[in-house]
Amino acid sequence: MAKNNTIWNKKDLLGLEELSREEIEVILSTAGSFKEVSTRKVKKVPTLRGKTVVSIFCEPSTRTRLSFELAAKRLSADTVGITSSTSSAVKGETLKDTAKNIEAMNVDVVILRHTTPGAPHLLAKTLEPSVINAGDGAHEHPTQGLLDIFTMKEKKGKVKGLKVSIIGDIAHSRVARSNIWGLKKLGADVTICGPSTLMPVEIEKMGVSVTNSLDEAIEDADVLNVLRIQLERQKKGLFPSIREYINLFGINRQRLKHAKKDILIMHPGPINRGIELTHDVADGPYSVILEQVTNGIAVRMAILFLVTGGKI
Amino acid sequence: MAKNNTIWNKKDLLGLEELSREEIEVILSTAGSFKEVSTRKVKKVPTLRGKTVVSIFCEPSTRTRLSFELAAKRLSADTVGITSSTSSAVKGETLKDTAKNIEAMNVDVVILRHTTPGAPHLLAKTLEPSVINAGDGAHEHPTQGLLDIFTMKEKKGKVKGLKVSIIGDIAHSRVARSNIWGLKKLGADVTICGPSTLMPVEIEKMGVSVTNSLDEAIEDADVLNVLRIQLERQKKGLFPSIREYINLFGINRQRLKHAKKDILIMHPGPINRGIELTHDVADGPYSVILEQVTNGIAVRMAILFLVTGGKI
Amino acid sequence: MAKNNTIWNKKDLLGLEELSREEIEVILSTAGSFKEVSTRKVKKVPTLRGKTVVSIFCEPSTRTRLSFELAAKRLSADTVGITSSTSSAVKGETLKDTAKNIEAMNVDVVILRHTTPGAPHLLAKTLEPSVINAGDGAHEHPTQGLLDIFTMKEKKGKVKGLKVSIIGDIAHSRVARSNIWGLKKLGADVTICGPSTLMPVEIEKMGVSVTNSLDEAIEDADVLNVLRIQLERQKKGLFPSIREYINLFGINRQRLKHAKKDILIMHPGPINRGIELTHDVADGPYSVILEQVTNGIAVRMAILFLVTGGKI
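Protein chains in written order, with the numbering used here: chain A, 1 to 312; chain B, 1 to 312; chain C, 1 to 312.
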């Protein structure tokens, strides 16, 4: 760990695709140190005092926005936020102009959630402040991927060799994509499982196994990372009915009968209860879903710390 | 006062119905100490430094939201807010899941305004953080009730034996309900007055007098607490016309001719000027409406302090 | 400069019309001192610690709202905000009642953007806290005017004798009006240029030259302050077509051929790229548009400092 400060030298966090194994490991170990802060009586360290963090959320979000905001505040940064409804988007300003203006306000970090894949990458190229991708279309959601992997590592002691099955709508999932990039780099075995209409083309090239059988995906798995179904996709005919989805891919206690006894059930939230997971599974002994949320703050504190030049 | 710390041991503030006389008095006396902070040049004490306060407002609100936010900031807490429009309500997450997620972020206090009576009580049962009810449907609005009572006590020196008349739409008023619970516990005489269509059934069981005559309600009263009329109720036929409401229940100077010379006029705001109160009454010498607002911050500071385990 | 503290004694900043030359100069020199704060590693001074700044924005805004919020935070003030959508505007409360309520919360500064000209002046008269006009209808936008003038002075070393041409929709522009008041008081020569349908009547009385010829406005100009076109005005028939507007008043490189070699191009943002300015001009060597944004924070810090009684 003594040389971590020589490993991380990126200004931005755009995706797990761009990160090396070493960089991912630096984030995870830094997050490990920050996790303790949120359990203190005084949940605050002066690390980013006098730094300015601006979040731009062009899609609705509660937990990611809140998690970033709390991470920044617990590091003593000043935070300001823009959501589409209050932004000069209504005046027709381009994202780049908005961002250049924010940069001109001597801002240190811009957190961006955007519907367009690659929007944070575009900003990162033109901005001096750090850019953190908080989800760009169906492309990547790197902080979610990292908190998922952090949680797996914390629970299982390692990532290398873990068998992780990702269940659901892989094609439209930035969470899946960030998980796959990160898990593969750290040496996990990844299986993806979902309706064939919701599988991306040529996904095998990412080095994952593909199956349409949930039982196959569960068997031998150390971790099930169950994705959220966007119910509006159904209207577009991408899967036949909610009932059929539940029958084929919904996780319930019966389904888990042949699972490993120490399997972890993860979900990025918000859960469609009764669809992706039954109540008893969502709240059951295998579930680490709320621990993911707790770890999200630690991971985001680590990232804010690292991209602003923090040394460890 | 030396033993107050042995009196308050509640994690939450849900309603005045649940509080004992002693608990209400602890809040009032603690608020008395905090009131001075907002008059300082530096309006800030470090009491809640490093604590996290999340407010969830599922109904529009300016003054209550702002009052809580300023109370928290003057105690040096970190504050973050969710309103329905930005929340994952749009993703269909249940309130309980939202709250469990917020809890997982190591939050200390959740302030909730919700349209459903009992929603804060439900959360309080399942959450480790403190829950403060900022208004639940037509049920209770305890911080409003407490700031009303604080103002009465400050102005009159005592609550016991005070004659308080509450005027207006009692049936739909959480403010009325919290006032009645609190005032009765402290020994005040409470009269309620309004159109019979806007009276709750069996309200006498709460130990109040009921009248449909405004003159009767004003005569002998030490305090008039005048409720806001929700104009949309009229469309539902609950009262005949605004004009008739004003004639029967609107407070004007003429109406107050036979009132006590030191009567207090209170209103939780926002006022429908010219309906519940004429301009000259709202801004006149009997009105303590803006002092209620000032006291609201002190009362909310006291509550934030007490529910997070502050000792006095 | 030693006596500046005897020059500024206003509680509010409502418009440049109300300010003397000396008062404007105090703001500019104070802003000069604060500019450095935003370039520090720790961008924060304790000047307004424990003060409360409330911003009320009844029109959408990103940059002005953000700039004020960051200015306040870098002075260590506590900030809370209201936008129309979350305010009790939905409950029909008048602006004055909202403001009196905010005042009762022991607030130090109210920042107001409002569609009605004179709304901040009305508040200032009735409120004890300082009121800062963040734009009132087509009347004034004094902080924008001041940051424009600050930028001119910083770049040109002086304002007296500068030739400043303001281009565009003068009639509807609060930015134009604040520029004209301020620039004339400091001794600049101001020319306004735009379609005759977008010129205010009797504007010559403000001591400016008027032309409909862009070439004439550019010739000899030290500064072009190019206003934003509100595209919705076109629908009202105030100018014939976007294409014609561009032909007559759009600034492009060709147009600038005969301009002074050190001309400054300014724009209050957000730019309609390709309309008021071509890309190469907006991002070109003459443009100081982003420096205006940077200076906006310094100017707003200065104003917050001065209206709250800061001495220099």
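Just so you know, these hints were derived from the structure itself, not from any lab.
Treat each hint with caution, since some may be false.
One copy or any two copies: either way a pair holds, since identical chains are not told apart in the list.
No more than 20 Å apart at the CA atoms, straight line, and that leaves these computed lysine to any residue pairs for SDA-like [to be verified]:
id: 1; residue 1: LYS184; residue 2: ALA171
id: 2; residue 1: LYS235; residue 2: LEU95
id: 3; residue 1: LYS260; residue 2: VAL288
id: 4; residue 1: LYS155; residue 2: PRO285
id: 5; residue 1: LYS44; residue 2: GLN254
id: 6; residue 1: LYS155; residue 2: SER213
id: 7; residue 1: LYS311; residue 2: VAL42
> Checking against the hints above, which ones are violated?
Replying inline: Result: hints 2, 5 and 6 break, sorted rising.
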